[in-house]
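**Student:** Chain by chain, the residues run as shown.
Protein chains: 2
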Amino acid sequence: MYRSHTCGELRIDNVGQEVTLSGWVQRSRELGGLTFIDVRDRYGITQITLNSDDNADLATQARKIGREFVIQVKGTVKERSSKNTNIPTGEIEIIASEINILNASKTPPFTIEDDTDGGEELRAKYRYLDLRRNVVKEKLALRNKVALETRKFLDSEAFIDVETPYLIKSTPEGARDFVVPSRMNEGEFYALPQSPQTFKQLLMVSGYDRYYQIVKCFRDEDLRADRQPEFTQIDCEMSFVEQEDILNTFEKMVQHLFRTCRNVELDETFPRMTYAEAMEKYGSDKPDIRFGMEFVNLNDVAQNKGFKVFDDAEVVLAINAEQCSVYTRKQLDALTKWVQRPQIGAKGLVYVKCNEDGSFKSSVDKFYSQEDLQAWADKANAKPGDLLLVLSGDLNTTRNQMNELRLHMGDELGLRNPNVFKPLWVVDFPLLEWDEESGRYHAMHHPFTSPKQEDIALIQTEPGKVRANAYDLAMNGVELGGGSIRIHDRELQAKMFDLLGFTKEEAEEQFGFLMSAFEYGAPPHGGLAFGLDRLVATMGGSASIRDYIAFPKNNSGRDVMIDAPAALNDEQLTELSLALNIQSAE
Amino acid sequence: MYRSHTCGELRIDNVGQEVTLSGWVQRSRELGGLTFIDVRDRYGITQITLNSDDNADLATQARKIGREFVIQVKGTVKERSSKNTNIPTGEIEIIASEINILNASKTPPFTIEDDTDGGEELRAKYRYLDLRRNVVKEKLALRNKVALETRKFLDSEAFIDVETPYLIKSTPEGARDFVVPSRMNEGEFYALPQSPQTFKQLLMVSGYDRYYQIVKCFRDEDLRADRQPEFTQIDCEMSFVEQEDILNTFEKMVQHLFRTCRNVELDETFPRMTYAEAMEKYGSDKPDIRFGMEFVNLNDVAQNKGFKVFDDAEVVLAINAEQCSVYTRKQLDALTKWVQRPQIGAKGLVYVKCNEDGSFKSSVDKFYSQEDLQAWADKANAKPGDLLLVLSGDLNTTRNQMNELRLHMGDELGLRNPNVFKPLWVVDFPLLEWDEESGRYHAMHHPFTSPKQEDIALIQTEPGKVRANAYDLAMNGVELGGGSIRIHDRELQAKMFDLLGFTKEEAEEQFGFLMSAFEYGAPPHGGLAFGLDRLVATMGGSASIRDYIAFPKNNSGRDVMIDAPAALNDEQLTELSLALNIQSAE
Numbered sequence: 001m002y003r004s005h006t007c008g009e010l011r012i013d014n015v016g017q018e019v020t021l022s023g024w025v026q027r028s029r030e031l032g033g034l035t036f037i038d039v040r041d042r043y044g045i046t047q048i049t050l051n052s053d054d055n056a057d058l059a060t061q062a063r064k065i066g067r068e069f070v071i072q073v074k075g076t077v078k079e080r081s082s083k084n085t086n087i088p089t090g091e092i093e094i095i096a097s098e099i100n101i102l103n104a105s106k107t108p109p110f111t112i113e114d115d116t117d118g119g120e121e122l123r124a125k126y127r128y129l130d131l132r133r134n135v136v137k138e139k140l141a142l143r144n145k146v147a148l149e150t151r152k153f154l155d156s157e158a159f160i161d162v163e164t165p166y167l168i169k170s171t172p173e174g175a176r177d178f179v180v181p182s183r184m185n186e187g188e189f190y191a192l193p194q195s196p197q198t199f200k201q202l203l204m205v206s207g208y209d210r211y212y213q214i215v216k217c218f219r220d221e222d223l224r225a226d227r228q229p230e231f232t233q234i235d236c237e238m239s240f241v242e243q244e245d246i247l248n249t250f251e252k253m254v255q256h257l258f259r260t261c262r263n264v265e266l267d268e269t270f271p272r273m274t275y276a277e278a279m280e281k282y283g284s285d286k287p288d289i290r291f292g293m294e295f296v297n298l299n300d301v302a303q304n305k306g307f308k309v310f311d312d313a314e315v316v317l318a319i320n321a322e323q324c325s326v327y328t329r330k331q332l333d334a335l336t337k338w339v340q341r342p343q344i345g346a347k348g349l350v351y352v353k354c355n356e357d358g359s360f361k362s363s364v365d366k367f368y369s370q371e372d373l374q375a376w377a378d379k380a381n382a383k384p385g386d387l388l389l390v391l392s393g394d395l396n397t398t399r400n401q402m403n404e405l406r407l408h409m410g411d412e413l414g415l416r417n418p419n420v421f422k423p424l425w426v427v428d429f430p431l432l433e434w435d436e437e438s439g440r441y442h443a444m445h446h447p448f449t450s451p452k453q454e455d456i457a458l459i460q461t462e463p464g465k466v467r468a469n470a471y472d473l474a475m476n477g478v479e480l481g482g483g484s485i486r487i488h489d490r491e492l493q494a495k496m497f498d499l500l501g502f503t504k505e506e507a508e509e510q511f512g513f514l515m516s517a518f519e520y521g522a523p524p525h526g527g528l529a530f531g532l533d534r535l536v537a538t539m540g541g542s543a544s545i546r547d548y549i550a551f552p553k554n555n556s557g558r559d560v561m562i563d564a565p566a567a568l569n570d571e572q573l574t575e576l577s578l579a580l581n582i583q584s585a586e
Numbered sequence: 001m002y003r004s005h006t007c008g009e010l011r012i013d014n015v016g017q018e019v020t021l022s023g024w025v026q027r028s029r030e031l032g033g034l035t036f037i038d039v040r041d042r043y044g045i046t047q048i049t050l051n052s053d054d055n056a057d058l059a060t061q062a063r064k065i066g067r068e069f070v071i072q073v074k075g076t077v078k079e080r081s082s083k084n085t086n087i088p089t090g091e092i093e094i095i096a097s098e099i100n101i102l103n104a105s106k107t108p109p110f111t112i113e114d115d116t117d118g119g120e121e122l123r124a125k126y127r128y129l130d131l132r133r134n135v136v137k138e139k140l141a142l143r144n145k146v147a148l149e150t151r152k153f154l155d156s157e158a159f160i161d162v163e164t165p166y167l168i169k170s171t172p173e174g175a176r177d178f179v180v181p182s183r184m185n186e187g188e189f190y191a192l193p194q195s196p197q198t199f200k201q202l203l204m205v206s207g208y209d210r211y212y213q214i215v216k217c218f219r220d221e222d223l224r225a226d227r228q229p230e231f232t233q234i235d236c237e238m239s240f241v242e243q244e245d246i247l248n249t250f251e252k253m254v255q256h257l258f259r260t261c262r263n264v265e266l267d268e269t270f271p272r273m274t275y276a277e278a279m280e281k282y283g284s285d286k287p288d289i290r291f292g293m294e295f296v297n298l299n300d301v302a303q304n305k306g307f308k309v310f311d312d313a314e315v316v317l318a319i320n321a322e323q324c325s326v327y328t329r330k331q332l333d334a335l336t337k338w339v340q341r342p343q344i345g346a347k348g349l350v351y352v353k354c355n356e357d358g359s360f361k362s363s364v365d366k367f368y369s370q371e372d373l374q375a376w377a378d379k380a381n382a383k384p385g386d387l388l389l390v391l392s393g394d395l396n397t398t399r400n401q402m403n404e405l406r407l408h409m410g411d412e413l414g415l416r417n418p419n420v421f422k423p424l425w426v427v428d429f430p431l432l433e434w435d436e437e438s439g440r441y442h443a444m445h446h447p448f449t450s451p452k453q454e455d456i457a458l459i460q461t462e463p464g465k466v467r468a469n470a471y472d473l474a475m476n477g478v479e480l481g482g483g484s485i486r487i488h489d490r491e492l493q494a495k496m497f498d499l500l501g502f503t504k505e506e507a508e509e510q511f512g513f514l515m516s517a518f519e520y521g522a523p524p525h526g527g528l529a530f531g532l533d534r535l536v537a538t539m540g541g542s543a544s545i546r547d548y549i550a551f552p553k554n555n556s557g558r559d560v561m562i563d564a565p566a567a568l569n570d571e572q573l574t575e576l577s578l579a580l581n582i583q584s585a586e
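Top to bottom, those sequences are chains V and P. Letter 33 of the first sequence, counting from 1, is numbered 33 in my numbering, and no numbers are missing. Letter 466 of the second sequence, counting from 1, is numbered 466 in my numbering, and no numbers are missing.
Check before you lean on any hint, since a few could be wrong.
Because identical chains share one entry, a pair is satisfied inside a single copy or across any pair of copies.
Subject to a maximum C-alpha distance of 25 Å in a straight line, what follows is the list of computed BS3-like cross-link-like pairs (lysine-lysine) [said to hold, decoys possible]: (1) 152 <-> 216; (2) 281 <-> 337; (3) 305 <-> 330; (4) 78 <-> 452; (5) 504 <-> 106; (6) 106 <-> 495; (7) 64 <-> 305; (8) 139 <-> 216; (9) 337 <-> 465; (10) 504 <-> 125; (11) 216 <-> 137; (12) 137 <-> 152; (13) 504 <-> 347; (14) 361 <-> 495; (15) 305 <-> 504.
Please keep in mind that the hints were generated in silico from the structure rather than gathered at the bench.
Work the whole structure out from these sequences, hints included.
**Tutor:** See the structure below:
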């Protein structure tokens, strides 16, 4: 028996007991003839004490023990003279009678502490050591709890967990698929799912009524900091529902998760905002509503006053940074540089200081009178002491830039407390978005999303104006999930594929099985999917999903610990009827 | 609102209520001026009644409705005059006031009934209709319940669910990997995991102590009836444990699953049997112990009596089919033919009828006296009325054949009741098995399995005799799962790779990360994995796992519903730096 108790278990009540513990050596120190060893496992840390005078052999043994050794200790639980109130086991220590080294350890390449001295690359290579740190364990423990509570909640709401296949069929729509060559079907490939979308819809056609799955999905996209080639979704679908039924069900779920996993009570009802309003007020379809600083359109007060930059602009937008008129020239210059970075791309930043004395000082004083600026301030509801920040240009670009600036100011002013959680349903997304490059419409959500009944007539005339029964759940500036009410009518689905530029043959080849299924009694249905990585990261108060993934890949899609991907040998390639066709080698 | 209640919900207490139901039309019939429509959803079936005289419009509407139409019905709950005690809603009916067709249905290609008229291929193509059948829904509901109860149990035992990556690295050991070309890392491939083995071991090195995951695994093998290219494992690992700890933990889990999901109490302690004993008594490492009929070795009583077939054989094995001396010539001929089928491959079958009068009648009477046969019967503990069935040949082949014959007899004699469940731990598997083809040893379980301490010395001298700390859980002749105590010492792991024919460089390239991890304080650990598909099928009393998978693939690894795998277009191949290299086209 390796242990009678874990390292987090013993208390004052256990004093006098003979126990056996196993774990890792966190540290070891000698003090006045005594040796103290802190031994650690997943459950906690316990102090082992041994007296070199009493037991010379034990002391010799103890001297061999270094950090991260795995040891087994037998001994007696004793009340400590100097108690440590910081840890649950801090009232006791184990007086060791026997210590066995179960496994030695080389000196780790970085310290196994919450604040480690290891850099990102080194920790990635030795991820198994990085995972030992408590701060990382807590993140994965949160993930475990969120996943399990998700299941318990959905089970209590009659959702059934159905596994859908991972080896499916490639479709050219959307992001790139990862593909898997089939040895048994020469020259053919499976694709890994970007989502189980069509399968969950088929399950609705099959009458499963309420489906869920916590499932890996795959996208072969160029990676950004918060993307991974494989990611996990909480994927759900319901039959005989309208949009409101889905929003109600899943806000209950999110409330449940925050209550059980974070001890946080969210809003009783999540606010709802149309996509149009979110874009107008925040320039984002996932606004962070922990703070205000809504966009103010200054077109009617800032244009036609001789300032060509604004006059030529489609839109002049301001935000009001309250109590920031004290910003120095240096701070304002830094803000200007910030918006001019390539990632943001603004040409410049106009500011208006609303001085405490009621006067205004702006970077465009030569074009605007004090009365003009007063009109801006009035529009923006700015008070003495506030600071207006103004950007201009074409509508979409300026909204994007102002969104970034607003979030940046929120960070600077400490308005984005990671322990405050503000959910927001964004609804009425457009059905389609125009893609300049391909010169055609793309589905904004996916081709299975239904248009709003009242907008269906617009499909022929003004497709860009058609709103979808589509919704996202945003929280703290992050998109936690999204979904839609689906099309369940073959004719409408065929029309949709046509609109998206599919030929009849292409639609049939790729999605014929789904359209065929719609001919055999498909119920009205809809659903949504949450990104589990992002949900857990948000719940943990972090912006990075990578911290919440046990074995993440880097920005090149590599696992540097196991060194994947890797070359195959010729035999493997031949067996798969494949040859390499390296372009860059030519 | 599509519905106020489900189709399985209304009872006599609801009489008088105005309700709205939505569902599929199971059937519709007219009788004496009344129309009856049975409407079905996942939760049940409810009878809708309408009176054509009262409401002519409604009657017209109802006439348009065919089987599998999706309809919405509004009406009043009424007590039925003729009650149906077979269904929970059988005491009531809905007197319809309004019927809306939500979606029409073509006539399905097969009947949506427990006993459908659809053949296997047709049901595979229209799997979404096959999934509508109650018998299929019940199987997937059982799977859902088993998965959730597994999680609840493991959570209660402090196991933590950690997701391991799907895009990993190909290793030539074991079965073939499915591979995934990487676009971002030109010419390189990921592999899909055959199991998360190395990752779960790393999690133990990281101190996660108890890990589990219900996870898809992938093997590119030629498929048999009970194999799928993708399958699901309940994958578990524990630290600071010995074999006995693992067996105890997981027999508690299996007991929990049978109790909660099948209302069956299994043995309080599962019997244990060594691999050697299982092979000797049953010729199988997963014996069905619902019945006896153990192998009896007749070498000392059947050899050297002039019957050359037996004299030349390595082994003469018998089983005793109790009460079967009444078998007719025709039945015995059929049995002989059965063992001579290519799948079994026996040359012939010797029988001995132990007649009720104490005499014997055998197919080898000319070689053996009544006394000889009496000796056989004594050895086999056969009584008057029993039938001995005897096979001979080399040890392994004869055991295999006798195993098949024993199971066949068990089936014939009704000894394999699918509602009786007999678990058995098979322990002490050999560490290695000799592979004639490659002329070297293979790991019987996998290269990470630890040898028994007392057998370590044999590794150099007689590797084939080394027993492993490896165990399987068998039930009813099926292997539900298996695992081992792992090696956690770098030197021993390196020795193991050497024994398996890896060069130092190969071992380092493929498993260097794991051996490196063992140098930083790896705890003793072990685990096991259950095949979820097989576990659920066994619990459901079925031999076929395919019935318990929502979207299974056929024996060629194809999903015939979505028609996958499929060809890629040239653009996709080029982007992946691949070209086809079809051998068969040359």
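**Student:** Each hint needs a verdict: does it hold in this structure or not?
**Tutor:** Okay, the hints, checked on the actual structure:
1. 152 <-> 216: both (19 Å within a copy, 21 Å between copies)
2. 281 <-> 337: Intra 24 Å, inter 82 Å, cutoff 25 Å: intra-copy only.
3. 305 <-> 330: neither (28 Å within a copy, 109 Å between copies)
4. 78 <-> 452: Answer is neither; intra-copy 71 Å and inter-copy 37 Å both fail.
5. 504 <-> 106: Classified as between; 21 Å across copies, 64 Å inside a copy.
6. 106 <-> 495: between (65 Å within a copy, 20 Å between copies)
7. 64 <-> 305: neither (81 Å within a copy, 69 Å between copies)
8. 139 <-> 216: both (19 Å within a copy, 23 Å between copies)
9. 337 <-> 465: The answer is neither: 36 Å in one copy and 74 Å across copies each exceed 25 Å.
10. 504 <-> 125: between (49 Å within a copy, 21 Å between copies)
11. 216 <-> 137: both (21 Å within a copy, 24 Å between copies)
12. 137 <-> 152: both (22 Å within a copy, 20 Å between copies)
13. 504 <-> 347: Classified as neither: same-chain Cα gap 46 Å, cross-chain 59 Å, threshold 25 Å.
14. 361 <-> 495: neither (56 Å within a copy, 78 Å between copies)
15. 305 <-> 504: Neither. Shortest intra-copy (55 Å) and inter-copy (78 Å) distances fail the 25 Å Cα cut-off.
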